[in-house]
Amino acid sequence: MNEVVPKRVYFTVWIVIVVLSVVNAALAFVRLGPFNSAVTMLIAVFNAFLIVWYVIGVRRYPPLMKVIVAIGFVWMGLMIHLTMADYLTRAWSTTTTRSVTIPAGKAPFEEPALGSATRVPTAAVPPYEPTALPQLPGMPGGQIGVPTIVPTGQIAAPPARGRTVRIELSASNASFDKDRIVVPTGSTVIVRFTNDDPVFHNFSVYRDAAGQRAIFVGQAIRGPGAMIVYRFRAPSKPGVYLFRCDIHPVAMRGSFVVK
Amino acid sequence: MPEDALSTPILRGEGGRVDEQFETVEQQQTTAVTGLWVFLGTEVMFFGGLFLAFLVYRLVYPQAFIEGTEHQNVLIGTINTIVITTSSLAMRLAVRAAQLGQRWRLRGFLVIAINLGVLFLVLKGVEYYQHYEESLIPGHAFKFPEPFAAQAQMYWILYFVATGLHGLHLLVGIGVLSVMFFFAMLDKFGPEYYTPVEVSANYWHFVDIVWTFLFPVLYLLRW
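Chains as they are written, first to last, in the numbering used here: chain F, 12 to 270; chain L, 1143 to 1365.
Quick caveat, the hints were computed from the structure, so don't treat them as lab data.
A quick note: this is a predicted structure, and the numbers were derived from the prediction, not measured.
Fair warning: there could be bad hints in the mix.
Unchecked claim - 30 Å max Cα-Cα, derived BS3-like pairs, lysine-lysine:
hint	chain 1	residue 1	chain 2	residue 2
1	F	K270	F	K248
2	F	K77	F	K18
3	F	K77	L	K1330
4	L	K1285	L	K1266
5	L	K1330	F	K18
Said to hold, decoys possible - Derived, one-sided and incomplete: chain F residues facing chain L with beta-carbon distance under 8 Å:
hint	residue
6	I62
7	H92
8	T94
9	Y98
10	I226
11	P260
12	M263
Claimed, not checked - To spell it out: a stretch of chain L is covered by chain F in this simulated footprint if at least three of its residues, at any positions, have a beta carbon under 8 Å from a beta carbon of chain F; those stretches are:
hint	region
13	1195-1204
14	1208-1221
Ideal placement from N, C-alpha and C gives every residue a C-beta, glycine not left out.
With the sequences and hints as input, model every part of the structure.
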């Protein structure tokens, strides 16, 4: 490990790192879909490898010393791997998303004032019991003992004559279970939102696709198993609005249809 | 009775540069570099913990962290990346000069490496001042548009802890390199003995490596 290395090795590495760093900085402003972060970090790892291998000169180290060099990095890899194995799987569940239907007339929670939200303590959520599920306006009828399942993309609550619409919405694995919610114009919308993720989510409705002009911004809650009830007035003008989670606006969004 | 071999400094030529527990200069140098890597292993774990904390929070609050990142000055960040990489190159060339016994080149490259390190800290200071002007320093004065003020503050806490610790390492490195420069002026190093320069250089490269990760993680994850 004592031999004198030709200067060009060091200069080549320097040029490669400088060029790659500039490219990396430029790529941060170009949309590459899901690859931005991956490309950014791959370039960083490659640059670090060049420094360790050629500049510090680990390639010329005796085998035992290479092992010693590797230990720190391997250990850090283990730390990150095991921690992420925990964090990324906390939301996973062996059961499907619970669907608790609000009993007609008797809500287990106080209905909040218009434009506000009530936090429902987890304990207050009634356990799932196989009782006859009341037919909510527009909801597919539930059989005894079978949770109501609203397939993604299907109309959750089509226009009803009543002025109040109740919607069940849940979030798990950083996605909503619905990508389309339909309500009548000017109706009072009650959204019972369940968050099954160990991170914060909320529910908001906007006039524009960019999420600049809010109709309703709901308070964020953190799961798993957290529930909140939002209540707000739907716009009186028919149209397709945006609903989303403000914390994950790219992954968690859908059409809020008023007609 | 023959001369006591154990107390005779057989291989302690070159002005006592090989300590008695070692047989050769190579062995002594290998030991020193190995010791440095054991230290760097703890440093990898140390900064690794910080990166892990960042990763977890980045996954929990992606939008807030992206909005936090958008306040970064990528131009200064890129310039600083080039500055620290060049400083790293100068330090490696200093080691090479020591290996070849080029005294003046050794001193010159050390001066370049030290000054580029100082330049990095100055540019970092300019950035910190910009953050101060924008009220991005966590605490009472922290200002950030809702609804992610609290989550974005977490980004800025991690940013200041990570870059602050990196800056501290750089400051220590500047001190170590200055000592090397002092010894170089006294002509302590030559082809047969340059271990301190090698070890300091490796530490300096490590500080560069940390920045190689800090720059993309703190400035470039914008999607």
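Here is what the structure says about each hint:
no. : hint               : result
1   : F:K270 to F:K248   : holds, 8 Å
2   : F:K77 to F:K18     : holds, 23 Å
3   : F:K77 to L:K1330   : holds, 29 Å
4   : L:K1285 to L:K1266 : holds, 21 Å
5   : L:K1330 to F:K18   : holds, 23 Å
6   : I62                : holds, 5 Å
7   : H92                : violated, 10 Å
8   : T94                : holds, 6 Å
9   : Y98                : holds, 6 Å
10  : I226               : violated, 15 Å
11  : P260               : holds, 6 Å
12  : M263               : violated, 10 Å
13  : 1195-1204          : holds (count 6)
14  : 1208-1221          : holds (count 3)
In the structure shown, a violation is registered for the earlier hints numbered 7, 10 and 12, in ascending order.
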